[in-house]
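Respectively, the protein sequence lines represent chains A and B. Residues in the first sequence are numbered consecutively from 497, following this note's numbering. Residues in the second sequence are numbered consecutively from 497, following this note's numbering.
Hints should not be assumed to be uniformly reliable.
Stated by the list, open to error - Examples of chain A residues toward chain B, derived with CB under 7 Å:
id, residue
1, L532
2, D570
3, D676
4, L678
5, T728
6, M735
7, V751
8, I758
9, L761
10, R776
Worth flagging that the hints you see were computed from the coordinates, not collected in a lab. A virtual CB, placed ideally from N, CA and C, is assigned to each residue, including glycine.
Number of protein chains: 2
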Amino acid sequence: MNKIIECVANFSEGRRQSIVAEIVAAIGGAAGVSVLCAESDSDHNRSVVTFVGAPRAAAEAAYRGICVAAASIDMNHHRGQHPRVGAADVIPFVPLRNASMAECAALARELGARVGGTLQLPVFLYSEAALQAVNRELPAIRRGGFERLRDTVGAGQPPQPDFGPRSLGPAGACVIGARDTLIAFNVNLNTEDTAIAQAIARDIRESSGGLPGVRALGMFVKGKAQVSMNLTNFRVTSMGAVFERIRHQASSYNVGIDSSEIIGLIPREALAEASAAQLRISNFSRERLIEHHIGAGDQDLETTGQSHQIKLR
Amino acid sequence: MNKIIECVANFSEGRRQSIVAEIVAAIGGAAGVSVLCAESDSDHNRSVVTFVGAPRAAAEAAYRGICVAAASIDMNHHRGQHPRVGAADVIPFVPLRNASMAECAALARELGARVGGTLQLPVFLYSEAALQAVNRELPAIRRGGFERLRDTVGAGQPPQPDFGPRSLGPAGACVIGARDTLIAFNVNLNTEDTAIAQAIARDIRESSGGLPGVRALGMFVKGKAQVSMNLTNFRVTSMGAVFERIRHQASSYNVGIDSSEIIGLIPREALAEASAAQLRISNFSRERLIEHHIGAGDQDLETTGQSHQIKLR
Chain A
497 MNKIIECVAN
507 FSEGRRQSIV
517 AEIVAAIGGA
527 AGVSVLCAES
537 DSDHNRSVVT
547 FVGAPRAAAE
557 AAYRGICVAA
567 ASIDMNHHRG
577 QHPRVGAADV
587 IPFVPLRNAS
597 MAECAALARE
607 LGARVGGTLQ
617 LPVFLYSEAA
627 LQAVNRELPA
637 IRRGGFERLR
647 DTVGAGQPPQ
657 PDFGPRSLGP
667 AGACVIGARD
677 TLIAFNVNLN
687 TEDTAIAQAI
697 ARDIRESSGG
707 LPGVRALGMF
717 VKGKAQVSMN
727 LTNFRVTSMG
737 AVFERIRHQA
747 SSYNVGIDSS
757 EIIGLIPREA
767 LAEASAAQLR
777 ISNFSRERLI
787 EHHIGAGDQD
797 LETTGQSHQI
807 KLR
Chain B
497 MNKIIECVAN
507 FSEGRRQSIV
517 AEIVAAIGGA
527 AGVSVLCAES
537 DSDHNRSVVT
547 FVGAPRAAAE
557 AAYRGICVAA
567 ASIDMNHHRG
577 QHPRVGAADV
587 IPFVPLRNAS
597 MAECAALARE
607 LGARVGGTLQ
617 LPVFLYSEAA
627 LQAVNRELPA
637 IRRGGFERLR
647 DTVGAGQPPQ
657 PDFGPRSLGP
667 AGACVIGARD
677 TLIAFNVNLN
687 TEDTAIAQAI
697 ARDIRESSGG
707 LPGVRALGMF
717 VKGKAQVSMN
727 LTNFRVTSMG
737 AVFERIRHQA
747 SSYNVGIDSS
757 EIIGLIPREA
767 LAEASAAQLR
777 ISNFSRERLI
787 EHHIGAGDQD
797 LETTGQSHQI
807 KLR
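With these hints in hand, go ahead and build the complete structure from the sequences.
Next comes the structure, spelled out in structure tokens:
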């Protein structure tokens, strides 16, 4: 069975496109890897490269990208809206097809050992790959950014890396892990007042009692206040639900929504969930989708043979 | 190549569930047919049965359903919110996989000849199966309902049927045709004032200068004013776009939206279009969907091998 792993690698460079292109080329140069999406944001000063491949291929590609980033980006001179701790900032592996979370966690640990040993970068294993409970949550590692982590690691305070030196050099740290599909979703408000985005982020984020599966920060991006989010469980809190909550909160400040954006890829189902929520479809279920009944692939022309009758009401 | 045709048969019975069950059983009893969805609405007093199969199988199933409906439903005693002209009211065939519109039109004409000849029902061929230009548009045939059509057909005025007797008996007429996928989408307003739904329907429908690909009526359903719609081209006017327009129009009457509902099935892509519009995703494209890159079927485990890089911005 052909295993497919997705890697959504985040690098702390979103302005010098030659460096981003070099990172993408290094990743894409690994045999058996497809780069699906590469995006840079100059305000975040950050790029996200999404690629897929078999487990070994994905890990090799990630390693090559980390090498280029660590050699090219000096965190002492990095400025950006997005919290970050290293040149090759966060490298999560996601099980996409026929691969388990345990395999992704093992892959992350192997890569971590290699990056710590060969490249001599401090490596933090996070989320499902974490070896220390204190490193499980990414925001906890990243809070205060490179500058704080450099100081705390140097002072021997937690969080401490799992591999590599116990000090941060110019390339900073590398956070490697395994996680489920996550939706990176940013909503831009029709205001320049970042304080409003921050207040809304506080209201919606799970950690302060908001919506389950939502991480959120308020930032200033492209001349607008932005609510920048990670949705870790779109089946529980969909893009539609979070959008409506932001719209509602923003309206209490007399502020509208300008636009939104997705970073990286999303599962098709996430849009279906979002849409059903926003359209307030009272009778929605997957059985409503024609593709649920007919072989989903364009090449698969058989009916499923199942007769899912939706309720007679 | 295995051809799959969808049929979305509309019957003028939504209250007596024993009759609906009999119609569904007759349709499902045809070999090679899968009934995907059967729904009744007591206010519309109407049921919609969605089924799929090879062309011959779908036509046979439709014929069986028409037989039961024509024998069980007396249009002289039918009352309902939805415009209708017969017991087996509208029978459209939709090309789903490896079938052309021309094949569906030919199927509709064959079925029409059989229903007109054997069952002695007046049959109107509509949409892509129409033989008379005046019968192309369903709303034109249906305007004024059974009562008007009975009178005009009897008086020899247009529209006249293509097959069967030139008079309407208790089973009324049967409108058979071929068309593209259509989304039946109803939005319920937080008001009992049907006039508001009617005003909004006038505003949004294409025929009065509204949104392209939108047919709309205002009705009173389940204690609420309802905007009942057909979207004939969701790529031009999505469910999201029409929902936002209704929300905007309703707010000018100080009325909110209660909920919405889909009748029958929709293509998955329709939700993606709706969601992208409603979420105001500025950077959406199909390449954003993971499934676009990975074999879509759950059984298809290969990557597509293509590397669609989304723009570096």
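Open item on the list: Which constraints among the numbered hints does this structure fail? Numbers only, ascending.
Closed with: 2, 3, 4, 5, 7
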